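For the record, the sequence lines run as chains B and U. In this text, residue positions in the first sequence follow this note's numbering: the first is 81, and each later residue adds one. In this text, residue positions in the second sequence follow this note's numbering: the first is 81, and each later residue adds one.
These are calculated hints, taken from the structure and not from any lab test.
Straight-line C-alpha distance at most 20 Å; calculated PhoX-like pairs for lysine-lysine:
#, chain 1, residue 1, chain 2, residue 2
1, B, Lys381, B, Lys325
2, U, Lys435, B, Lys286
3, B, Lys228, B, Lys480
4, B, Lys435, U, Lys286
5, U, Lys480, U, Lys228
6, U, Lys480, U, Lys331
Every value quoted in this text rests on a predicted model; they were computed, and no experiment measured them.
Number of protein chains: 2
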Amino acid sequence: MSSSKTSRRGIERGLYKSLAPAFAWQEKDQGYQEKGRCAQDVHGERKESERRRGGRTPIEIRAASAREGRGKGETKGVIPGGFLRKVLIALKKKENVEKIAGELLSDIAGVLFLEDIEDGVEDVEVLVLFQWRGVIGEGLIGRLRSLKFIQALTAGVNHLPFEEIPENVLVASNSGANAGYIAEHAFALMLAAAKRLFLHDRLLRKGEFRQDIFSKPLRGSVLGILGLGSIGRRILELGRSFGMKVYAVRKSGKPEAGAEFVGTPDDLPYVLREADYLVIALPLTRHTEGLIGERELSLMKRDAVLVNVSRGKIIDQEALYRHLLSNREFTACLDVWWNYPRAEESFRQDFPFEKLPNVIMTPHIAPLVPGYFENMLRHALENVRTFLLWDSPANIVDRKDYVP
Amino acid sequence: MSSSKTSRRGIERGLYKSLAPAFAWQEKDQGYQEKGRCAQDVHGERKESERRRGGRTPIEIRAASAREGRGKGETKGVIPGGFLRKVLIALKKKENVEKIAGELLSDIAGVLFLEDIEDGVEDVEVLVLFQWRGVIGEGLIGRLRSLKFIQALTAGVNHLPFEEIPENVLVASNSGANAGYIAEHAFALMLAAAKRLFLHDRLLRKGEFRQDIFSKPLRGSVLGILGLGSIGRRILELGRSFGMKVYAVRKSGKPEAGAEFVGTPDDLPYVLREADYLVIALPLTRHTEGLIGERELSLMKRDAVLVNVSRGKIIDQEALYRHLLSNREFTACLDVWWNYPRAEESFRQDFPFEKLPNVIMTPHIAPLVPGYFENMLRHALENVRTFLLWDSPANIVDRKDYVP
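Based on the sequences and whatever the hints tell you, model everything.
Here it is as structure tokens:
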């Protein structure tokens, strides 16, 4: 029953399921695309940065020559294979995916989709993927003999089997794509706990008008943040806007503007003790799995609010359940879980969190706003573009964080 | 059954009840006082402003002479009556109230409490009050023959019977005292609706992992704000931090930094049409009662989120109930109500809001954080001090907004 024994597959299956609605949504609602501000801003920045580097890059000049050789009619839209360097986007070919790939890559690369892999993938240099299991498989990865760069669409890459990926292949996460929405969700959960919305709403519906149950303020309180990647930094900004004092832990311990304190993982006990609210915004790696266990929980304030919007397994499941059971003023706000249901399965953890009043539960939906898929794809393909043109992609992960 | 027929007493009784816990809390928990940042900051600003005005004021010099005449031993703490100008604080004498009054007024005024009114109130110039009914009464107000200034402890003054208050008496609200906490509560409600926390939590507890139910983003969406007093302006600031576009309506129509649009009440239809989220932060006056009725609701987006943290009667009760019933994607987040229960009564509105899934309900608790009462008292007594020393108090209300 201990969380560490739960198979890794749980997360992968969950992720698989968690990604499916993106596609469902793509089909039924295209109307919100203009809301994808984040990626569009990044897009704007790219244009600026390319301009600053002095117009066309050597590769663009080569691409332009190639286009001239091939005739102008073929230069627009997605060109399936046979054109300069190849990018395989491991998704089904759909209008919105093709459109974004066309905008961001077609002038410098040939783009393939899952439907195209029978045409030959030996010269594919870049693989863009959502999930691995059930999509990539050993057969395919073995055939990608020219692979240099894997770009994930997700901010977390703990679902990739690093042991199957050749060591010379760079892997990039998609950190930053949906950071803003994940931070919004973290604050939604934190504020719902602080203002006891669930308790008051339930009592009021029964006719109980209980003004003796007070709220916790955000202003003046201490917000602990574990991890200062793009999500953690956005949470820091919002915390400052609410007048909170921010105490953070990050691997480097490097100071961050706006934080009262930033420490290394050695300072975790200090931050746990001080935090009125604690948000976990870490990647799930060999080093962070089970980071928050019985001892860590015991250091926290009696009435603290713990928010997890990254990956469930960073917290020890049994330890958290027991802590919630014996500390009724402590609240856990969980968007991420240990076990994810397959399609048609019920949601079920190893411990009955659903019976506890001091938990607020959401089904890994922090980034799921209309347009989020397009956002995510744009953000990822921007990085692929940077890899292809400048060989300096962002968000490269350290494989030693995932395999010994 | 229409809301306009509900007696005014409802609110007053409600307010009466809503204030009671403050006193209850004073007795049981003094430990959070250090969190009362707001009032303390204002305090700091006062000292600075007094310094800038060139040290002691003429009244302070007179006060000092009077103290010298009376002997130094009597100059500290609360001096009950007989000392220069008189302030009646219509609260029971309790340690925390006496302490704050001592800090802020004892050097320039004599302070009376409810227990002291038999000693003579004919020369009381300032009345500080929480509730009116059951406390002030006709007998008392008739005896306050020197009254010049009434300072409310609440941000809203709609519970005062202006027809009983002589026209030459200035009335000040306590706008600003708890604006930060009320804005936090508004965002708690707004985010809970945007992220569908209640729906997801309920489904997940039943085992339903529903990632096809998307969230609404805050970033890039339009936040409508009715009223740009201290609460509205704080909501504007937070909205900007979340990346929202702010469209506001205020009486003056005066532009406000950070808002994309500020209009007069004539622009209400435009703001209603554009808003993804609409927060009401208006005082309840003759002009705002029933402001949001059937027509106004019909202009709003199908899936808009309406948040009321000011006074219930600004919305027409029946119109809102019917709108929620026939627009299931519309959400109302209500902290304020039309009817408030007396002690021992059940909470009950004229329409069964408690049966609707698209309402989030809290019992008028937006400002109720530990220390809020001391905050509020400090903020009010700062303004009394300004009245006494400089005759230029803030937050003077226009009595024409309350009586014809």
